[in-house]
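Chains E and W, in that order, give the protein sequences.
With the UniProt record's numbering applied, the first sequence closes on residue 684, and no number is skipped along the way.
With the UniProt record's numbering applied, the second sequence closes on residue 630, and no number is skipped along the way.
Watch out, some of these pointers could steer you wrong.
Quick list of in silico lysine-lysine cross-link-like pairs, BS3-like style, CA-CA up to 27 Å [what the hints assert, rightly or not]: (1) W:Lys361 <-> W:Lys382; (2) W:Lys596 <-> E:Lys326; (3) W:Lys462 <-> E:Lys57; (4) E:Lys217 <-> E:Lys326; (5) E:Lys254 <-> W:Lys596; (6) E:Lys57 <-> E:Lys85.
Hints were generated in silico from the structure; no laboratory data involved.
Keep in mind that this is a model prediction, so the values were computed, not measured.
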Amino acid sequence: MAVNALYSHRDPMLKKRDDFEDILEERRNSSDLKYALRCYTPVLYKGVTPCTSSMLKSMVLQSDQLHYVINQVSKETGKATDDVKEEASAILEEMAQCLQLSTVRFFAFTLTKAFKTLFRSICVNEDGIQRLQQAIQEHPVVLLPSHRSYMDFLLMSYILYTYDVALPVIAAGMDFMGMKFVGEMLRMSGAFFIRRSFGGDKLYWALFSEYVKTMLKNGFAPVEFFLEGTRSRTSKSLTPKLGLLNIVMDPFLKGEVFDVNVVPVSISYERVLEETLYARELLGIPKPKESTSGLFKARKILSEDFGSIHVYFGQPVSVRSLAQGKVNRCQFNLVPRHIPRRPGEDIASFVNDSAYGLVRAQEENMVLKPWVLVASLLLQHHHQNQAAGQKRGIALGELTAQAVWLRDLSRQYGAFLHWPDHIPPSEVVSSSLTLHRGLVRVCEEKVQLAVEQAGGPAGPGPHSSVAPEEELLSQAVIVLSCASYRNQALHVFVRPALLALAIHTASSNQKQEVFNSFSFLRNMFSNEFILCPGATVQDFEEACYLLVKTGALQFTQQEVLVTERGHSTLAFLSSMLDPFLQGYQVVCRFLCEEATETLTEKQFIPAVRKFIKKHLLAGRLRYMEVLSSDLQKNSLAALLRLGAVWKMKGVEQEMLKVNKVMVNSLEDTLGGKLPTQKAAVARL
Amino acid sequence: MASNSSSDRQRIAQQRLRIIAGHLQGPVDSDSTILAAECKAQGSKTDVSSERKTVPRRRQEILKWNGWGYNDTRFLFNKKGQAEFTGKRYRLSGMIIPALQNWFEGTFGASMQHKSPAMPILTSSAVQPPTLNEAFVDELKSTGIPFSHDAEDRVFRGHGHCLHEVFALREGKVGRVPDIVVWPNCHNDVVKIVELACKHNVCLIPYGGGTSVSSALECPPEETRCIVSLDTSQMNRILWIDEKNLTAHVEAGIVGQELERLLNESGYCTGHEPDSMEFSSLGGWVATRASGMKKNIYGNIEDLVVHVKMVTPQGVIEKGCQCPRMSTGPDIHHFIMGSEGTLGVVTEVTMKIRPMPEYQKYGSVVFPNFEQGVACLREVAKQRCAPASIRLMDNEQFKFGHALKPQVSSIFTSFLDGLKKFYITKFKGFDPDRLCVATLLFEGDREKVLQHEKQVYDIAAKFGGLAAGEDNGQRGYMLTFVIAYLRDLGMDYYVIGESFETSVPWDRVLDICRNVKARIIQECKDKGVQFSPLSTCRVTQTYDAGACVYFYFAFNYRGLSDPVHVYEQVEHAAREEILANGGSLSHHHGVGKLRKEWMRETISDVGMGMLKSVKNYVDPKNIFGNRNLI
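The whole structure should be built from the sequences, with the hints applied where relevant.
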């Protein structure tokens, strides 16, 4: 049943989702202090062995696993085991959380104050909380929230405290530790810190994995971490990182616990606190290092309105039922379980598939606000007008009509859309516009993106008072911010959109031809969007199903036909992906035209950025989004994966080597100039 | 007893007369039996045993045809709703067990109002008429070896004691059963039968005590030949005792309790005491690689056997000497032990014997939780100081054991019991829902036993264990003999259950216990069982490198349309869970047909090939066609 919950994409319309409850409402009506000091008695795991944070540490240090690795390290390095032990204990000291209720209460008080000014509401599905409560009692629980903001894990703990649910321990990046006082505060509220990279460090890995497993197995607390590894700067879900997921599934696979429940949590912000910060970062304006003083400077945002937050606790997924029939647990029978081993192929692909499934579960329960649809429409208009040389925006009435059309379409595609149906659509649209007034300009009933800040017309002009490059960047900040809202809805549209694009680029209407084209695009973009590996056929079928259901496509024995009314849908869908298409093309072009023999990975982003800026200023590119470093990185990753680019050990750094013929043909295929079959990559 | 055996003798003499009369009259009726002429090969002078036979040819005379054990012994709820154990054979016999009803109703959600009685008698119309190989029957007759194709005899040998087998019998359902039952009297009789079987291509299925729990005795439904059940129960003599070498040469049909009784008369014992020893036979032990409760002192069957004689279609296999150990290639005993009747019939076994122990003492230890208990057993095994038997029951089984306490005779005892309970739960702070108990049995000379006892209790104390008296220990061991009767009681009230076992390395004992119990509960829930099941385990044997774990599992099946199927699905899932947690397919029950599907992954492709090639050489025509194991 849990498997179904995770992979039930066949008919999204059948999905029944829970109702939300605003937890701030009560906070606005009663004492915050009383709330922070109230009696907190969460239900615990039935098999819990009560222990303190310090006992945990000694359990880890005394475990068989660690003994083994310490001896191994000592043999390899020639250090005395006692020295290695010392080292281990220091690492653990640096890593470990020390959850204290008093700190949590402090946060409960201060966060309430902050949340009340920042947000209109924090909506939580209470049924999800109840399911979580149940799950916590029965099995060790792993919480997997989506990651869009620094707020995420404070918010999670805040909600769990509010509902009297066991507080989690949270895997956090080491960068927080840079913030002196705050780092310790976070530690006391349950965070434990991991270094960003510790690839070859056996001791570190052993400590870290054993620490997490010990907390999980003993039911000390639910373990929380971010499957995406880092905050998504684009609001698209990121390709899941597998390290921690591997660790938390391990106790089940090795039979050390009966089951582990994994709970995907979807946190959606109507307005992300870091909105413009992200855009600047993507454009290469360096991000400020996390620091306590920086945090204080950020407090001016307290005066702004960030709308509401929706937090959806998904159906707990039993790892046992996920693994049923996929993993042969007998493989651990022949070697003592405390000896670290590389997971077998079946386990690696099982964890990978599960990770994708879980990220999709997060995506599916992500609440979409009307603004997400409005932003998508505005972006498309912006680009169309720009191409046509028009400067005026779209009429509010027309925008509303289109938003209603898109609302219905997205609902049919199974989007979790929170559109207040009791309010007239025009009001819905205008209140969205008001909340995001930094990004849009409404003037004489016409709406457009707020890109013409400097007063002059957009685009390069000799009379502009600011330097054209600065002008370009400030416009791009707006466009990228807007795009990040559109991105929230991408998971709803990505499959049909890939199909629309495939129909557009395929050389004929032949079903096979379209499928080939779809498969090529899907493969190309699988670093960009969450597309489960190996699920090409399912994705194609899902896309076909949705487009046929909504009457945009018809299938004959051999052919795919676009219906009369389907054209506009398909045009909308494919232009949704156009910026990505152009982005990948331009990266290809860069690699063909400008990549030198000595291009390193580090130099890649600045170089490609410079190249793109040049073309944008010359008016040869349509989409400012292609300036996004995220897109550039993803396209490089895709090219590396496809073998069109490879890394070679250089003198100091790894060099990027380019197969220009292949990159060139990829670019042509993306542009529809080459049929998929004949493309050099068809064999991929 | 004396009068009993003399009346037995009378009865046998009468029977003999009747049969001789029958011979004179001509062909036998279908329902009568033929008695063999005396086995020529064995003179009665070498036969050291007395004449009494615990198991008659017509087993149904003393044993239940559709349940466990003796006809006169069963649990029942009397009119006052109190549980009672009938008969005179056991310590618990004739006693009232006041707490059982409460436990039974509380644990299973069963009710005295909802009964599911068994069919009282077997209707012979339910049994298919035998497929007889006339030529075989004719030649068999001429050998004078007794046989029968009476329906009751055949049905009795067509099953073991798996739940589905007994459940079907209680409903009066009978599938494919043997067509003829034959009772060889000695090794040479067996040789003749096997020769005839090969000559006429009939299928032979050896039958010992009939206590199999692996579907080993089930007739393969696809078998079209005449199936002959070769019942070894009449081959039950001790042929000689060698006091110099401390060995005894015994016919393989002897059942455990008889073997011990007869050896005891001479001051010896084998010390091999599987839980089924009242009914299971020596040949059966060898054929399944049995294990006894006191293996820590005496060893398992493979340690006890010095010499085995087995009749196969290719002839008789045996070693040429009675040596304690040999380096002569793979031990051929290991082709025989565990062959589960697929290669031949074990006819005679030379076994190690020991002088009877001077002193026996039971004991028990209460632990605050199962984890501590397992840690203690592990330490005991590490120090290699395990008593004759040491078993650790989990909390559920501890409570179960308590429910089986017979009515106490005096207020004083019940007061003492109350005091003990108070001491353990209140004073020592043990959680009554977590504590568990280890039962112990010490054997040897008095001084050593007492010394040994102290050593074990000292280790237990390190793991928080409290000595809890001899009584608890003794009751624990008694439980093993009566628990099979309890299943029949359960089945009268919609409760079905079974036990199964595994062996597992020490580091996985806790994990396997937890996971298998949880899996049973989850599977019951998933399969629509309306009531929460009993899912309990005990660590029942310790080894240097691991332990044997025994699971009990039972549930109330009211509301299920096909309870046996649900039961089988759950048991199947539990076995998968065992294997996934590093447990073995079986520690001592064997594979039979019930667990065959997992053999390949258990012993590898090459291993399967080895076993198959042995089978192909020894029995190319599949005369021993019970299709167990491979």
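Hint-by-hint comparison with the structure:
Note on Lys361 (chain W) and Lys382 (chain W): the hinted pairing holds, with a Cα-Cα distance of about 22 Å set against a maximum of 27 Å. For the suggested pair Lys596 (chain W) and Lys326 (chain E), the alpha carbons sit about 23 Å apart, so the restraint of at most 27 Å is met. Taking the CA atoms of Lys462 (chain W) and Lys57 (chain E), the gap is about 24 Å. The hint holds against a cut of 27 Å. With a C-alpha separation of about 22 Å, the suggested pair Lys217 (chain E) and Lys326 (chain E) falls inside the 27 Å cut-off, and the hint holds.
This hinted pair checks out: Lys254 (chain E) and Lys596 (chain W) have alpha carbons roughly 25 Å apart, not beyond 27 Å. Between Lys57 (chain E) and Lys85 (chain E) the alpha-carbon distance is near 13 Å, which keeps this suggested pair within the 27 Å criterion.
When held up to the earlier numbered hints, the structure conflicts with none and fits them all.
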